[in-house]
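**Student:** Got chain A sorted already, so can you dock chain B onto it with the hints?
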Amino acid sequence: MSAITNRYEFVLLFDVTNGNPNGDPDAGNLPRLDPETNQGLVTDVCLKRKIRNYVALEKEEDAGYAIYMQEKAVLNQQHKKAYDAIGVEVEKGKLPKDEAKARELTAWMCRNFFDVRTFGAVMTTGVNSGQVRGPVQMAFASSIDPVVPMEISITRMAVTTDAEAEKQRGDNRTMGRKHIIPYGLYRAHGYISAKLAERTGFSDDDLDLIWRSLINMFEHDRSAARGEMSSRKLIVFKHDHPMGNAPAHVLFDSVKVERVEGEEDTPARHYSDYRVSVDAEALPAGVSVEEKL
Amino acid sequence: MAYGVRLHIWGERACFTRPEMKVERVSYDVITPSAARGILEAIHWKPAIRWCVDRIHVLKPIRFESLRRNEVAGKLPASTVTKAMKAGRVDDVAYYVDKNRQQRAATILRDVGYVIEAHFEFTSRADESDTPGKHLDIFNRRSRQGQCFHMPCLGNREFPAAFELIETEDELPLADSQLRGERDLGYMLHDIDFANGKTPHFFRATMQDGVIKVPPFEETLA
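Line by line, the protein sequences are chains A and B. As numbered in this note's numbering, residues 7 to 299 make up the first sequence, in order. As numbered in this note's numbering, residues 94 to 315 make up the second sequence, in order.
Everything labelled a hint here was simulated from the structure, so no lab data went into it. Hints may be right or wrong, so weigh each one.
Said to hold, decoys possible - Partial list, derived from the structure: chain A residues whose beta carbon lies under 7 Å from chain B:
1) 31
2) 34
3) 49
4) 143
5) 145
6) 197
7) 199
8) 201
9) 202
10) 246
11) 249
12) 252
13) 253
14) 255
15) 259
Glycine is no exception: its CB is placed at the ideal position from the N, C-alpha and C atoms.
Okay, chain A solo, but in the shape it has when bound (with noise of 0.2 Å):
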């Protein structure tokens, strides 16, 4: 399948009701903050590992459509596949000396997983399959406004250790803790670069699924954490030239978002309390702006 042969950015826009969006490993899971500005982050992992789950469980087992990053997946078994699947010995930790059949290798594995071809990949690990640089590349999101997270003492019924049952005498409870925000409108950044899709064979059906999976991810991503969340607009700049035709920066800040007129002290509970707009006047010649949702 050809490689897509424009440029792109997208702005996405998700939110949250009462969840925790991110948790932040260095702060006990408290959902994670901008310490200078207090507005809400989420890292591009985070969002990536969304996708990937999202095309996994699209594409299941389709064939060109594995994951590499899976959770629970056996980094090395898939290099392994690789080179079994083109007769190349396994060589520790090196890449083959022939730097076609290097080539090859690379190839197969864009060719077969979707997070490779997309995202890129370091597979120098013990069975060493060479480095993949993909042509998505996503930014931290954060929320429009500072966000408040909110601490939820909740109680369990019931414990876990008969010591514990002793100790409570009866009345078996454990307290916890879920953090949360009540409401956060997220804004990621992202860049999709046609010459790096060349090299991965990044498809136009690749670029549709990726639009689906930035529409759906939270669909599939319920949890006791998370809250409601849903992505609430993307929308997408497609340069003419594959090298692009505007800089970046520029078509990010024709997207703006504000709080609806007369609310402005209050806290958004909803995003109805926002108002997003793109300036498509104001847009380079040669970029043209879609809103996939």
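**Tutor:** Frame of chain A; chain B shown alone:
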């Protein structure tokens, strides 16, 4: 400096990892010449040319922030693989991403802005078609229009770099007043010598009123 370019780059976050603190990443105070070269190459590069960074202008105060993420731990012991290879089966090579997770902190830079002053030289792979004007034109045209081969980044790919060409006749953006005076940034990575077994080269970086002079690669310490 005949074929010099000046590129203004900026971004919200950056991480130019110190090689001595790369497990839990700690960034250098400023962008390294090698990261700056990577940014230029993201916009235009051909095997015929080599970018040389001459000067780095630091525009914004140096501020850090810490960030912890779940990452995969990395390598499987080679012995396990050899054993599995001998046995001719791979199902014993258990390596689960979620069991093999590391939480790693990174101390990263916040709100950075730089101007890279650089020029290019020709390599042995250049031929008659490679005139300085051609490559300079391509670079200027692309950076003026925001074109790039892939989105340049500030150290790690999750920290994209916005960029803008500073035209020859234009003034450089002003450095923040906090950066006045001289500051010794210690030994910093200059670049990696890929021709000689990937040897890292270092230089003593001093910042004078926000400007770091980068010595030519040949004068650096291996």
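**Student:** Each of the hints needs a verdict: does it hold here or not?
**Tutor:** Against the structure, the hints:
1. 31: holds, 5 Å
2. 34: With a closest approach of 11 Å, the residue 34/A hint is violated.
3. 49: Holds. Min distance 6 Å.
4. 143: holds, 5 Å
5. 145: holds, 5 Å
6. 197: holds, 4 Å
7. 199: holds, 4 Å
8. 201: holds, 5 Å
9. 202: holds, 5 Å
10. 246: Violated, about 11 Å.
11. 249: Cβ of residue 249/A sits 4 Å from chain B, so the hint holds.
12. 252: Cβ of residue 252/A sits 5 Å from chain B, so the hint holds.
13. 253: holds, 3 Å
14. 255: Residue 255/A check passes; min Cβ-Cβ to chain B is 4 Å, inside 7 Å.
15. 259: violated, 10 Å
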